[in-house]
Amino acid sequence: MDVKSAFLNGYIDEEIYVEQPQGFIAKGSEEKVLRLKKALYGLKQAPRAWYSKIDKYFMDRGFRRSLSEPTLYIKSQVSTPLVTGEKYQKEDGSQKVDGSMYRSLIGSLLYLTATRPDIMFATSLLSRFMQSPSQVHYAAAKRILRYLRGTKDFGIWYKSTNDAKLVGYTDSDWAGSVDDMKSTSGYTFSLGSGIFTWASKKQATVAQSSAEAEYIAAAATSNQAIWLRRS
Numbered sequence: 001m002d003v004k005s006a007f008l009n010g011y012i013d014e015e016i017y018v019e020q021p022q023g024f025i026a027k028g029s030e031e032k033v034l035r036l037k038k039a040l041y042g043l044k045q046a047p048r049a050w051y052s053k054i055d056k057y058f059m060d061r062g063f064r065r066s067l068s069e070p071t072l073y074i075k076s077q078v079s080t081p082l083v084t085g086e087k088y089q090k091e092d093g094s095q096k097v098d099g100s101m102y103r104s105l106i107g108s109l110l111y112l113t114a115t116r117p118d119i120m121f122a123t124s125l126l127s128r129f130m131q132s133p134s135q136v137h138y139a140a141a142k143r144i145l146r147y148l149r150g151t152k153d154f155g156i157w158y159k160s161t162n163d164a165k166l167v168g169y170t171d172s173d174w175a176g177s178v179d180d181m182k183s184t185s186g187y188t189f190s191l192g193s194g195i196f197t198w199a200s201k202k203q204a205t206v207a208q209s210s211a212e213a214e215y216i217a218a219a220a221t222s223n224q225a226i227w228l229r230r231s
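Residue 1 is where the sequence shown starts when you use the UniProt record's numbering, and the numbers rise one by one after that.
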């Protein structure tokens with residue numbers, strides 16, 4: 001991690017006053033001095049002020065300090081792509097982040113869903129917020145990266161068989177989208193030992209009950225099964 005002008009980003013608690021810099025002296029206030037709020041290069045407090053700020057940044061985001069090296073921060077991988085039960089919405093009250101950076105990250109994750117069905121739902125869900133992403137959405141996307149780091153050896157096993165049957169599974173939540181109360185359908189199909197096609201999509205209409213949401217998902221999956229059998 002490389003931070004430009006790192007020592008200039010730390011805030012200081014002590015009362016330190018400096019003369020007005022040449023070219024910025026206010027007329028009629030030539031004898032006044034200025035109190036520093038942030039550190040400057042050359043101050044003995046600058047390294048400590050920067051360390052306090054970066055330490056708070058990492059600790060607030062779930063990192064922990066290494067016991068052997070205080071300036072080394074560690075964040076372990078996670079066991080699920082998303083926090084179980086967490087709801088995401090367009091306006092969650094958190095600060096907005098760089099949209100280009102977020103779209104690049106989601107695009108990379110969507111590319112990985114071609115071989116990682118376990119992140120299909122999470123990535124599809126977060127792709128809904130690419131127009132105006134927030135810190136909450138970005139943190140959720142980075143959690144998927146942490147999950148992938150801990151499961152980089154996962155794969156789909158295909159073995160030869162003389163009895164390959166097309167088997168499909170489908171499921172749906174109900175009113176999972178906070179913004180429009182629409183449900184999300186998901187399906188997967190296997191042929192033999194491993195799955196070969198999968199999807200996670202928001203339903204086009206608002207289901208009036210969980211049974212209706214399941215019916216919509218089953219109908220879409222049946223259409224996919226018919227197409228696969230004819231292919």
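Treat the hints as calculated values from the structure; they're not laboratory data.
You may find that some hints are simply not true.
[Said to hold, decoys possible] Using 25 Å as the maximum straight-line C-alpha spacing, the simulated BS3-like pairs for lysine-lysine come out as follows:
1. Lys142 with Lys44
2. Lys87 with Lys53
3. Lys201 with Lys159
4. Lys37 with Lys4
5. Lys44 with Lys27
6. Lys159 with Lys142
7. Lys75 with Lys87
8. Lys96 with Lys202
9. Lys90 with Lys182
10. Lys152 with Lys75
11. Lys53 with Lys75
12. Lys38 with Lys4
13. Lys90 with Lys202
14. Lys53 with Lys152
15. Lys87 with Lys4
Each hint, compared with the structure:
Taking the CA atoms of Lys142 and Lys44, the gap is about 36 Å. The hint is violated against a cut of 25 Å. A threshold of 25 Å between alpha carbons decides the hint, and for Lys87 with Lys53 the separation of about 30 Å lies outside it, so the pair is violated. For the hint linking Lys201 to Lys159, the alpha-carbon distance of about 29 Å lies beyond 25 Å, and the restraint is violated. At most 25 Å may separate the alpha-carbon atoms for a hinted pair to count; Lys37 and Lys4 meet this at roughly 19 Å.
Between Lys44 and Lys27 the alpha-carbon distance is near 31 Å, which puts this suggested pair outside the 25 Å criterion. A threshold of 25 Å between alpha carbons decides the hint, and for Lys159 with Lys142 the separation of about 33 Å lies outside it, so the pair is violated. Distance restraint check for Lys75 and Lys87: the Cα-Cα separation of roughly 23 Å lies within the 25 Å cut-off, and the hinted pair is therefore satisfied. For the proposed pair Lys96 and Lys202, the alpha carbon gap of about 24 Å is at most 25 Å, so the pair holds.
Simply put, Lys90 and Lys182 have alpha-carbon atoms about 14 Å apart, close enough for the 25 Å limit, and the pair holds. Taken as a hint, the Lys152 and Lys75 pair is honoured in the structure, with Cα atoms around 16 Å apart against an allowance of 25 Å. Distance check on the hinted pair: Lys53 and Lys75 sit about 18 Å apart at the alpha-carbon level, within 25 Å; holds. A hinted pair counts as satisfied when its Cα atoms are at most 25 Å apart, and Lys38 with Lys4 qualifies at roughly 15 Å.
Only pairs whose Cα atoms come within 25 Å are accepted, and Lys90 paired with Lys202 is accepted, the gap being roughly 15 Å. Under the criterion of a C-alpha separation no larger than 25 Å, the hint pairing Lys53 with Lys152 is inconsistent with the structure, at around 33 Å. Our distance criterion of 25 Å between C-alpha atoms is broken by Lys87 and Lys4, whose separation comes to about 35 Å.
Comparing the model with each earlier hint shows violations of hints 1, 2, 3, 5, 6, 14, 15; every other hint is respected.
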